[in-house]
Amino acid sequence: MDSNLIYLLLFFVAQLHLPLHAEGDTRSLESVPDLERSMYMIVDGYPCVRLLNLSGEIGCSNPGREKVVAPIVRFKNVNVLAQSSAVLVSLDEIQSFFTRLSNDSKFAKNVAGVLIESGSESQMKLKGFSPVEKFPQAEFAPYRSIHYEWNPIGSSIMWKSYNFPIFLLSQSGTMTLQEVASKNENNKKSYTADVAEFDLVMQTTKSGTHDSESCLKEGTCLPLGGYRGSVWSSLPPINVSSDQSKPVILTVASMDSASFFRDKSFGADSPISGLISLMAAVDALSHLDGFNDLSKQLVFLVFTGEAWGYLGSRRFLLELDLHSEFVKGIDSTLIEMVVEIGSVGKVFNEGVKTFFAHVAGVSSVANETLNALQQAKDSLKSENIMISTANSSNPGIPPSSLMSFLRKNSSTSGIVLEDFDATFANQFYQSHLDDLSNVNSSAIVAAASLVARTLYILASDDKDLSSSALSAINVNASLVEALLGCLLTCDPGLSCELVKNYIAPRTNCPSNYVGVLLEEPSATPYPGYVSDVSRFIWNFLADRTSISKENSASACPKDCRNEGEACIGAELDGKGVCVISTTRYVPAYSTRLMVDESGMWKVMGLKSSDSMEDPVWTESNWDALGLRVYTVQNGAYDRLVLLGGLAVTLLAYLAILVSRAFIIKVLKQD
Amino acid sequence: MTVIAGIGYALIALGPSLSLFVSVVSKKPFLILTVLSSTLLWLISLIVLSGVWRAFLPLKTTAWWPYAILIIMSIAFQEGLRLLFWKAYKYVEGRLEDILDAFADKVSKPRLFLTDKMQIALAGGLGHGVAHAVFFCLSLLTPAFGRATFFVDRCSQLPFFLISALIALAFVTIHTFSMVIAFNGYAEGNKVDQIFVPVVHMVAGMVTLINLASGGCVIGIPLLYFLAMLTLMHCGKMVWRRLTETRSRQSGS
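If you're matching them up, the sequences are chains A and B in order. In this text, residue positions in the first sequence follow my numbering: the first is 1, and each later residue adds one. In this text, residue positions in the second sequence follow my numbering: the first is 1001, and each later residue adds one.
Source of the hints: derived by calculation from the structure; they are not laboratory data. Only a predicted model underlies this, so the values are computations on that prediction, with no experimental measurement involved. A couple of the hints might just be wrong.
Pairs of lysine-lysine, DSSO-like flavour, derived with a Cα cap of 27 Å [as the list claims (entries may be wrong)]:
#1 A:Lys-668 / B:Lys-1087
#2 A:Lys-67 / A:Lys-206
#3 A:Lys-381 / B:Lys-1237
#4 B:Lys-1087 / A:Lys-665
#5 A:Lys-665 / B:Lys-1027
#6 A:Lys-668 / B:Lys-1028
#7 A:Lys-558 / A:Lys-575
#8 B:Lys-1060 / A:Lys-668
#9 A:Lys-665 / B:Lys-1237
#10 B:Lys-1117 / A:Lys-665
Construct the complete structure from the given sequences, taking the supplied hints into account.
Structure representation (structure tokens):
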């Protein structure tokens, strides 16, 4: 009988025609942690976080304290959501998805989480996408037509509150999720599904504080702002001891953008193109001499926090009123003119670069500036540049920092230089898609040239400025290219040479989101709390507007404490250079916030001088934000397995009892 | 997969062993000691083997024969150890009888009945089986208690942990009853039994190589259970034969 069984076994083995070599799957797991890592796939993504203001909240959050787990479905393949799902949305479907979400409450109830793809093909199909309002920050406008549509493509989806997590996937994450979604659709096994696990637990949701005042009191959120955020620099450096009576021309740009996704907001056209123009203009002017002989003082000002209630400009104006140390050297009564460089990256119109000057204050000063602009343009004959005044049917200036100046003092003269006339040229205003591909470097070079020459004309106040003097002012196009690479890409990003010459950057990818205030503003900032971009701009401007000291470069920052001195490159171990420069940081945070005795942020009452209520933007605290994808068995299968295990155990027990009884019977038979 | 499934997998692999322990072993302290020391011994053997092979791992190869060498060598080592285990058992058995003789009046019947000896062998085999299950299945089971499940490309019909538990159950059965057959074979000098055990062990080890092929587990796992059944039946036959022999010898004397 045994031999028969052996023959049977051999027969079986002989039937095997299978190739007995291991198949190509090269993924070898060498330990249990390896196994766990391959079970749970971590996906790269950019989250949308919970932001609060005085009247409520916007943004996204997990609905409770737990992670959200839901099977992945593709938006284009579902009509009705049968169960709570994580919806995978491609770029060109974003608009229709959010429209469906707001109109169809049954659909919205089953949306547990949203994953938005990135990708260059779908990006090209998309004509435009802007998650902010059609008139961004209309409540700060110095005129009444707040229903004018500067941003007609704006969909306001960023300004709603969502009680589920939304993540933007990176390129690799998109590919992973597309595979997983296909796997789910083709899955023949009914008892498994691939799910996404979202970790977007927000402390304000956990503690039930749903507006800024309550969350600041509980300590579950932090106010938005740049700690040492805004930067200003004077050309030439101000001699504080001498009397300051030269009128001041303020050149303004901003460095922060906003987007639906906290960590992906390059803000290339709006506003970084303006920032880069300002920096290139300062660089061009720095090669000239004789600024002390000019009749006006040039001050360059870069604000942060402008996307969130004009935090930078409004706080700056408040500090000016308070004559605080941050603005020592600027007398607000001496400010004659404000020139703001807005979005200047998209000026092409059939080969001609057309800039638009939006004027505020119909006065002789404004006309003088316009004339200077025309004169500068004329001197740049070869560049094919056109300057036009904005259409008079516009209600006023577009959303810009100049609005804060005008709200404070409606007789301020100012000009905003933009690449658009009646509506934004930027089709991706304040979205994650406003990246390097959305701007043109030659446009920025042109804007910088215009601004540099215009400022020189204005500052010298000389009607018969020779063309040779102007033609000496040239913008370095390779500097503009370098700045584009440093501020608008992740490679090289902030580890580019230009930045590394001044600071030791903490990250590679510049995130132009204003961030939160971790500490109260005080005299000596902890460098860890100042953003990389702010520090870079400070060092850059200080370097360009500086006069070197008589005794050559002394060790910095030890020997650089005198009034009017600045240490450039203080972070670079012993390579700091001490120069004479007036470059200062100005804090940027809400004008209605202060720190009380116990160190907590407090919202102050409305002062009579405040002409409008500041929204006091805050961001919820959070622990860790992440996204994972894995396969899950349904509960029924788990119970089946348990049942199987119990059955096997019990059957074995019964078999043993039967055998034992049998053996005893056999033994007793005698 | 959650805790429920994790417990389920653990029960599939070790449930029958648990039943055996509760119903047979737990009644006699000597058997409990035997199971524990056997488990320890076979666990150490597996650790020694993995220590020796550590230098060659991971086997970055797509061919199957390096795995075959690994298995052949390991099984040969274990079978050698089984012989040593038998020798150790004989030594203890001899000493035990001496001690019992010294303390009691002369009695005519032997101290250890045949069924006692078989139970000791069963406990030894149980220890071997439990060591295999712990080493090859339980040690991987921690992730099974979490939320996710796992499917291997080459055998995507069943979750990985279920496959692991099923294979472990087959081997537990093979090892447990092989020890009974082997001890009987050494005691009687029965060549068939003595060869049967290493051969079945080696064949079972090589059969697992079938799982390396894509979809191979559909054939590999049933084959393993076939071998387990074979072992069970052979053991049953042998026990029946020995018990009836003893009975007829007793009634004949």
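Consistency of the hints with the structure:
A hinted pair counts as satisfied when its Cα atoms are at most 27 Å apart, and Lys-668 (chain A) with Lys-1087 (chain B) does not qualify at roughly 31 Å. Taken as a hint, the Lys-67 (chain A) and Lys-206 (chain A) pair is honoured in the structure, with Cα atoms around 12 Å apart against an allowance of 27 Å. Restraint check for Lys-381 (chain A) and Lys-1237 (chain B): not satisfied, since their Cα atoms lie roughly 107 Å apart, outside the 27 Å limit. Our distance criterion of 27 Å between C-alpha atoms is broken by Lys-1087 (chain B) and Lys-665 (chain A), whose separation comes to about 32 Å.
A C-alpha spacing of about 20 Å is found between Lys-665 (chain A) and Lys-1027 (chain B), which places the hinted pair at or below 27 Å, so the restraint holds. Between Lys-668 (chain A) and Lys-1028 (chain B) the CA atoms are separated by roughly 21 Å; this keeps the pair inside 27 Å, and the hint holds. A hinted pair counts as satisfied when its Cα atoms are at most 27 Å apart, and Lys-558 (chain A) with Lys-575 (chain A) qualifies at roughly 12 Å. Restraint check for Lys-1060 (chain B) and Lys-668 (chain A): the C-alpha separation of about 59 Å exceeds 27 Å, so the hint is violated.
Only pairs whose Cα atoms come within 27 Å are accepted, and Lys-665 (chain A) paired with Lys-1237 (chain B) is accepted, the gap being roughly 16 Å. Taking the CA atoms of Lys-1117 (chain B) and Lys-665 (chain A), the gap is near 18 Å; set against the 27 Å cutoff, the hint holds.
When each numbered hint is compared with the structure, violations occur for hints 1, 3, 4, 8.
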